[in-house]
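The primary structure of each chain is shown beneath.
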Amino acid sequence: MKVEWRTVLGASLFLGATALVYGAYKNHPVEASGVTMLAFGFFAYGLLFGYLLLVYLRRDRIPRPEDRFDATSADGEGEVGYFPNASIWPAAMGLGMIIGVVGFIYGLWFTIIGGVLFFGAVFGWMTEAEAATEVPLTEDEEDTATAAGHPGHIDAHPEHID
Amino acid sequence: MRAVETHLLGKTNFGSPGGVTTQDHYVRQLWHITYVFAVPIGLIVLGGIVWCMIRYRVRPGHDRTPSQFQYHIPIEATYTIVPLVIVAIVFGYMYNAENHVDAIAKNPAVAITVEGFQWGWRFTYPNGHEEVGTVANELDINSNDNLPVLFMPAGETVQLHLVSDDVIHTFYVPEFLFQRDLIPGINNVVDFNVIKPGLYSGQCNNICGVYHAYMRFLVQVMPVAEYNAWYAQQPAGSITTAGVPAQS
Amino acid sequence: MTLIQDRPEEHLVHEPVLMEIVPGPRPRGLVKYITSTDHKQIGLNYLVTSFIGFLFAGLLAEGIRTQLIVPNNHFVTESVYNQLFTMHGTIMLFVFLGPFAFAGLGNYLIPLMIGAPDMAFPRFNNLSYWLYLGGFLVMSCGFLTNNGAANFGWFGYAPLTEAIHSPGPGADMWIIGVALTGFSGIFTAVNIITTIFTLRAPGMVMFRMPVFVWNQLVTMFLLLLAFPVLTAAFALLWIDRHLDGHFYDPTHGGQPILWQNLFWFFGHPEVYILALPYFGIVTEVLATMSKKPVFGYKGMIGATLSIGALSMGVWAHHMYTTGAVLLPFFAALSLLIAVPTGIKFFNWIGTMWRGTITLNTAFLFCCGFLVMFLFGGITGIILAQPVLDFQLHNTYFIVAHFHYVMFGGSAFAGLGGIYYWYPKMTGRMMDERLGKLSFLVLLIGFNLCFFPQHDLGLRGMPRRIETYNAGMGWNFLNMISSIGAYIAGIGVLLTVINLFYSYRRGQIAGDNPWDGQTLEWACSSPPPDHNFEALPPIRSERPVWDANHPDQLTKVGH
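Chains as they are written, first to last, in the numbering used here: chain A, 607 to 768; chain B, 532 to 779; chain C, 52 to 609.
To be clear, the hints were calculated from the coordinates, so they are not data collected in a lab. A portion of the hints provided could be inaccurate.
[What the hints assert, rightly or not] No farther apart than 30 Å at their CA atoms in a straight line, the calculated lysine-lysine pairs in the DSS-like style are these:
(1) B/K637 <-> B/K727
(2) A/K608 <-> C/K487
(3) C/K606 <-> A/K608
(4) C/K349 <-> C/K83
[Claimed, not checked] Some, not all, of what chain C presents toward chain B, calculated at C-beta under 7 Å:
(5) L294
(6) G296
(7) P307
(8) P379
(9) F396
(10) M403
(11) R405
(12) I408
(13) L425
(14) P437
(15) L439
(16) F502
(17) I516
Beta carbons are placed, not taken as given, at the ideal position from N, Cα and C, and that holds for glycine.
Using the sequences provided together with the hints, build the complete structure.
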């Protein structure tokens, strides 16, 4: 995690410093927007840096397998992540959003249709995600589930999971 | 440095029209500084690329495994530091030139208000005389007869106040090697000291709507005596519309 | 589905990792196109859509050049001409150049290059594609409205974009369309950053990622900062146009310069969003074709990071002529960008130096990139200086400069990338003879088209004029330029023909046709679902090369 948060911290500090230098000049008054945007960048990247640092500290600075120079594939055992199958909901949601914003030009009817489609898709997406992430309760169940070809969550090395 | 500049580049315009104002000196100097650095570096890089392509290309029956080197710190440091120095030098010259080019005189000989609008120009002189021309007077792009004309004295500092009421336009005369935007809400001021009298063509240089391409004008730079004579003939508050016979 | 890595029996270095994959339903055809959450399918969707955008915007460009071929021409009306160049710019930037690299190639290649099974948020990924396609369609549909598409240039300077100066839905559709592609870009950025930060294979530390992935990462960070600013600017513009706001309206105390500041604060990082991924492509292609590691790998990444950082502080160099910006500050930062860019150039030469170079189409396109981007970079140094920019701003010199950077640079590298990764994506090689012919025709056409424009700019021809006076000395150069544009069009068409021809007839590629170095060449062509059945051990930034050439590892030190 070290390289990650340091990179983001660097970007944040650069923007902060630029904002200070830029703001220190005797500017044309309209350039206040520039200082604002640079400061915005400083805070935006700062947020991200803060989150990454928090994760890093919460993990007691133990490097993940992808942070270790000597890690082998064996170190990556355990859950990699949840990768959903093909799904119609993103397309439906996208269509809802597009129709919704086109409604800003051509009348609210579009926006209402788009909104219905959008929230329908949100609902479908949520229920789909819930159905897919049901976790077997006990280890026995887990083993049977894995053996039967149904995925479950194996948590062999909890410290390797963010 | 200076010798190189004058001997190799002194007479080159790089395709652009020769500048006719006092700013020309600084602009030309910057062109030269930039070329003095950019051309050799560009040639070195280009040479490197072409050399690699020709010298190291795979030829039949020539099976060589290249050395797998990756770092060479001294070389890398060199091509980091040298460009930094060059950039600093260029910036120094630029800073100096910029202060001269952008300078505004306290007491200009003439102050003219240049107003751009969709789509035409209005040049207002100190006594209230206006020279106006719109696209409606000159829809034939190949004719220059009915364009608004900005009259300026040569050899004097002429201050232009650039204003606009609708959208952003740009006052641009290629021979002045200079342009400045006419932005509603911001009144830009520029100074020109034209050395060479003549008739120059200018044009709006910022997309300003449908007839942007037709928003042209002429600049008539005259010797001071001639300008004064012209100016004396213009009644205060009169309006001359290009392409329309003058009414007194 | 959830992916689980099996625990290997013994901890051997070369132990292959098996991934247990429980296949769900595998849709095909149109259903696959619409519903797939596979990063490779979505990547291909982006690539194909953006290439269609390229061809469409290219067609608009031929229209522009046809109008300008002789003075006082009446091929199109003034209004249509303005629509042509506006939509040419908008589509090229927001639909082709950006998404082609960061969304298309990024989606397809980043998980493969870092050994991940998919993107971090696969369904989100699919959603961002639909927003992108929606944006493309909405902005293009402006042509079908009564007043036509947007006609105020791709950076739509207020107050020309205000409702009284640009009425009609065309401008609104432009705003909505660009905003949609912007949202799509933000989503992609979130997705790719998360993927790179959390889904790397064990041993793939940050400083073993290919330069392409690093460049994409920096691009995504730029995107994450730039697009929200653009969206905010659009929101204000929308309020101005429809809700009686006066943010940019000078007659009621608004500030037109505010739009320029906001837009270019997005716009300059955007320029590097359009360039950095292509630098990555070139780096990968040059290293592979020279059979050498990337020279100065860490310096290269440092250069990328500093270009990214500097690009966020130089926005106002597009506004020198407004007279309302801090000239020395922006000039200094703009000139400084030349330094890391120079480092990249020397590193590219170092990568080729004493290699064994295969002069195939992909490599030639990347060399075309090097030469043309070099030229665009030098004219960029000229334009970074306010005094020279006062002379050249908004003339054809600028047009030539950014086409050398964007077309001769980025688009050439993009075409090189197509030739390079096509075997991975389809399992077939592209035709080399047709490819080289395409490169040659495109190179000649491109230079014929854009080199004369430098001179046109120096002679004072403004950009975006619909026609010009015959007596200005611009006739011959414009004629040459237009002829070049047609030749370049033929060059692009040859590659399009090649794409279709090779899809059916191309030589079977195999997994690793170029003796590639990075992880994407470790899986089959095209890669299976969830990518890898086994990963080679990752001990440097080119694991596949290390596995194939154990006796030719990268030399440490110098």
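Checked hints:
Using a Cα cut-off of 30 Å, the hinted pair B/K637 and B/K727 holds, with the two alpha carbons roughly 23 Å apart. The hinted pair formed by A/K608 and C/K487 fails the criterion: a straight-line CA distance of about 45 Å is larger than 30 Å. Between the alpha carbons of C/K606 and A/K608 the distance comes to roughly 26 Å, so the proposed pair stays at or under 30 Å and holds. As the CA atoms of C/K349 and C/K83 are separated by approximately 40 Å, the hinted pair breaks the 30 Å bound.
Of the supplied interface hints, the one on C/L294 is violated, with its beta-carbon coming no nearer than about 21 Å to a beta-carbon of chain B, more than 7 Å. With a least beta-carbon distance of about 16 Å to chain B, the hint placing C/G296 at the interface is violated under the 7 Å criterion. Annotation: interface hint on C/P307 holds; nearest CB of chain B at approximately 6 Å, less than 7 Å. Nearest Cβ of chain B to the Cβ of C/P379: about 6 Å, under the 7 Å cut. The hint holds.
For C/F396, the interface hint holds, the least distance from its beta-carbon to any beta-carbon of chain B being 5 Å, beneath 7 Å. Hint on C/M403 holds. Least Cβ distance to chain B is approximately 4 Å, under the 7 Å limit. For the restraint placing C/R405 at the interface with chain B, the shortest Cβ-Cβ distance is roughly 6 Å, inside the 7 Å limit, so the hint holds. Nearest Cβ of chain B to the Cβ of C/I408: about 5 Å, under the 7 Å cut. The hint holds.
Hint status for C/L425 relative to chain B: holds, with the closest Cβ pair at about 6 Å, below 7 Å. Annotation: interface hint on C/P437 holds; nearest CB of chain B at approximately 5 Å, less than 7 Å. Hint status for C/L439: holds, given a least beta-carbon distance of 6 Å to chain B, under 7 Å. With a least beta-carbon distance of about 11 Å to chain B, the hint placing C/F502 at the interface is violated under the 7 Å criterion.
The criterion of a C-beta within 7 Å of any C-beta in chain B is met by C/I516, whose closest approach is roughly 4 Å, and the hint holds.
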